[in-house]
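Peer 1: The residues making up each chain are set out below.
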Amino acid sequence: MSKRNDFSGGRAAYDPAMTRRQLLQRSALAAGALSLGSLGGLKSAFAATGEINFWASATLDIEAAGWETFGAESGLDVVFTDNGNDPGPVVARLAAGNAGELFDVAGLQGGSEKELAKQGLIAPWDLSKLKNYDGVWQWAKDIPYLTHEGEVYGIPTVINADSMIALEDRVGIVDSYGVIFDPKLKGKTAMEDAWINSAIFTAMYLKESENAPIGEPGNLTPDELGLVMEFLIKHKRDGQFRTFWSGWEQGVQLVADEEVWVMTGWEPIVYAARERGIKTYYAAPKEGYEGWGNNTVLIKGAVDRGLSDAAHAFTDALLAGYYGCQLGAMRGYCVPTDANVAYAEAHPDAFDKAKVSELAEHVKKKFAGKVYWQNTRPDNFQLYEEWWQKLRNA
Amino acid sequence: MTQVEASARPRRPGLPRPPLAALPAALLVVGLGLAPLALIAFWSFWRFDPATYWITPDYTLASYAALMDTGRLPVLLRTLGLSALTAALATLLALPAAAVIGLMSGPRKAAVLIALFTVPFFTSALIRAFAWRLVLGRNGAINQTLVAAGLIDEPLEWLLFSNFAVIVGMLAAYLPFAVVPLVLAFGRIEPSVIRASQDLGAGFWTTFRRVILPLVLPGAVAGFLFVFVVALGTSSEIQLLGGAGDSSISIMINDVMRVVNFPLAFAIATVVVAVAVAVLLVAVRFFRLSKLFEDLGT
Chain A
1 MSKRNDFSGG RAAYDPAMTR RQLLQRSALA AGALSLGSLG GLKSAFAATG EINFWASATL
61 DIEAAGWETF GAESGLDVVF TDNGNDPGPV VARLAAGNAG ELFDVAGLQG GSEKELAKQG
121 LIAPWDLSKL KNYDGVWQWA KDIPYLTHEG EVYGIPTVIN ADSMIALEDR VGIVDSYGVI
181 FDPKLKGKTA MEDAWINSAI FTAMYLKESE NAPIGEPGNL TPDELGLVME FLIKHKRDGQ
241 FRTFWSGWEQ GVQLVADEEV WVMTGWEPIV YAARERGIKT YYAAPKEGYE GWGNNTVLIK
301 GAVDRGLSDA AHAFTDALLA GYYGCQLGAM RGYCVPTDAN VAYAEAHPDA FDKAKVSELA
361 EHVKKKFAGK VYWQNTRPDN FQLYEEWWQK LRNA
Chain B
1 MTQVEASARP RRPGLPRPPL AALPAALLVV GLGLAPLALI AFWSFWRFDP ATYWITPDYT
61 LASYAALMDT GRLPVLLRTL GLSALTAALA TLLALPAAAV IGLMSGPRKA AVLIALFTVP
121 FFTSALIRAF AWRLVLGRNG AINQTLVAAG LIDEPLEWLL FSNFAVIVGM LAAYLPFAVV
181 PLVLAFGRIE PSVIRASQDL GAGFWTTFRR VILPLVLPGA VAGFLFVFVV ALGTSSEIQL
241 LGGAGDSSIS IMINDVMRVV NFPLAFAIAT VVVAVAVAVL LVAVRFFRLS KLFEDLGT
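First to last, the sequence lines map onto chains A and B. Residue numbers are given in this note's numbering: position 220 of the first sequence equals residue 220, and the series is strictly consecutive. Residue numbers are given in this note's numbering: position 57 of the second sequence equals residue 57, and the series is strictly consecutive.
There may be inaccurate statements among the hints.
[To be verified] Every beta carbon over 10 Å from chain B, so not counted as near; a handful from chain A, in silico:
#1 Gly88
#2 Ala96
#3 Gly178
#4 Glu230
#5 Arg242
[Stated by the list, open to error] Pair by pair, the computed Cβ-Cβ distance ranges are:
#6 A:Lys365 / B:Ser124: 52 to 62 Å
#7 A:Lys131 / B:Phe122: 26 to 36 Å
#8 A:Asn211 / B:Pro74: 50 to 60 Å
What the hints contain is simulated information worked out from the structure, not anything from laboratory work. Please read these numbers as outputs of a predicted model, since none were measured by experiment. Virtual Cβ for every residue (Gly too), placed ideally from N, Cα, C.
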């Protein structure tokens with residue numbers, strides 16, 4: 001399973017002081033306040049009517065109460081369906097299944113847009129109908145795989161950047177992915193059991209610190225991929241990795257029980273481990289972060305059904321502020337627009353502007369440095385799988 | 001009663017004729033079991049078309065050839081080996097437990113003991129496997145106990161993320177599958193047969209080896225098969241307890257499906273089903289599995 005889908009239980013991606021219970025309580029409080037009409041009369045100018053079937057990863061879900069408020073503001077009745085976030089089945093269902101008939105807008109971990117656009121399964125967005133798109137941070141708009149043949153197919157809806165988690169008492173302060181491959185830490189390191197992440201982290205390290213001839217770590221050529229995977233295979237054979245992990249619970253357990261001392265992974269694991277008394281931190285590697293985005297795409301079937309305007313209104317509403325505030329409060333994820341802060345400022349009874357700002361600045365700070373974008377569908381994606389199989393067997 | 005006698009058993013009044021009574025179940029098995037499997041086998045000879053992102057009927061053995069590449073065959077063999085080893089160990093462990101339940105316990109006690117063996121199924125496979133990480137880990141209960149007792153200085157790394165851990169996890173999870181058919185087999189042994197053996201001067205081991213074991217062999221084989229087939233399809237124990245990136249057939253199928261290589265996934269599944277059927281046929285042919293079903297209903 002791919003990673004973002006593992007948090008439907010509501011992980012906080014940023015606030016280190018927030019426990020799961022607090023998170024749920026806050027969500028309920030916020031939802032309750034909103035549903036009582038504290039935000040009544042704020043129906044947006046772009047409001048349209050109709051039902052929108054939003055088929056996306058759980059990362060983008062603000063749950064029933066949140067969607068209810070969202071619907072009250074946008075005039076849209078949103079039906080959310082979790083798509084599992086694994087790009088393979090999602091693309092396959094769009095291409096060969098009935099997803100195009102069932103859903104109007106999809107939210108995908110970035111990288112599949114070009115492929116879907118080529119096959120005519122998604123339609124380009126008409127940016128003139130997305131008034132809030134202007135407020136999206138420029139560097140988020142510039143994610144390379146959002147466009148195809150000059151048209152925008154993906155709207156960045158959630159943005160973050162990953163690096164590695166380290167136990168300070170065990171490895172000190174580290175600033176390079178090289179520590180993952182350091183023989184002194186043999187058997188004490190781990191990477192994710194997913195080529196989508198582990199190949200790019202390794203490629204970033206080899207490119208930036210070993211001067212390996214690698215162009216784009218997120219889209220490796222067959223030769224580059226061979227170089228990266230041979231490197232991983234060698235280290236696996238040497239017993240460098242304690243395990244390859246997947247899923248939130250596994251990640252937390254590995255760090256909290258000190259099974260591994262340093263591993264590539266997600267920032268919230270740091271906060272979960274700290275809650276269990278482990279002195280850990282999220283490293284800022286000199287090679288940069290792995291940026292990832294969950295992007296919204298317009299399913300061609302919606303256009304065919306005459307729902308293009310409603311789909312645009314829906315996506316515009318995602319960028320209007322409420323959704324960003326609610327998603328940040330619920331899951332700690334950041335919608336890349338300053339509209340969130342403006343919305344929180346206008347609605348102090350519902351959201352804490354300082355917290356909304358803090359989340360935005362935290363993400364912006366990561367992206368101020370070097371970032372390589374995760375790509376769920378590199379050009380040679382089937383070759384990636386073959387190499388991953390070789391790595392498994394090494 | 002022999003098989004011939006059993007098949008000649010008179011039909012009870014009011015019951016439909018056997019073929020008719022079996023029809024709904026047979027339709028279910030064919031419609032929901034065999035037909036999809038046949039379709040999967042058929043599609044495994046098609047080709048993936050990157051243009052349409054779907055399979056196309058260009059009949060080819062390419063997916064089967066791909067099975068031999070990139071380390072997929074070793075995964076198949078390794079999973080088969082691991083499953084066979086787990087099934088064999090489970091059967092061995094189940095033998096004494098089933099003997100106690102089937103031979104030495106009264107019906108009420110036997111029911112309680114059998115129920116105890118179902119406890120692992122009260123929770124999900126994922127949770128079961130995950131729990132073993134807390135027991136076998138570097139700071140887990142076993143290592144802490146061994147260190148505290150002064151038996152080791154450093155935690156044993158190989159307890160977790162190893163084949164050992166995988167087998168422990170699978171045994172704990174799937175042992176009941178071996179116990180139940182063995183209990184049934186032990187329960188069918190007439191006490192008079194054991195008494196006759198003893199009357200003829202056979203000791204415990206001779207009676208066990210020459211009388212009991214042949215009688216429970218079909219149950220042992222059935223138990224082995226149950227565990228083998230379930231272990232063949234598992235992924236939780238391998239992913240959570242195995243070494244870095246350890247694979248199994250189902251993990252490999254998942255990996256392949258993620259990159260929408262459907263024909264290869266179908267080919268892997270077809271080979272697995274073929275192997276499972278072959279093992280079943282061998283069991284039926286050479287280990288008298290049908291003995292388990294003799295005398296039913298009499």
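Peer 1: Okay, which hints does this one fail, numbers in order?
Peer 2: When the structure is compared with the hints, numbers 1, 2, 5, 6, 7, 8 turn out to be violated.
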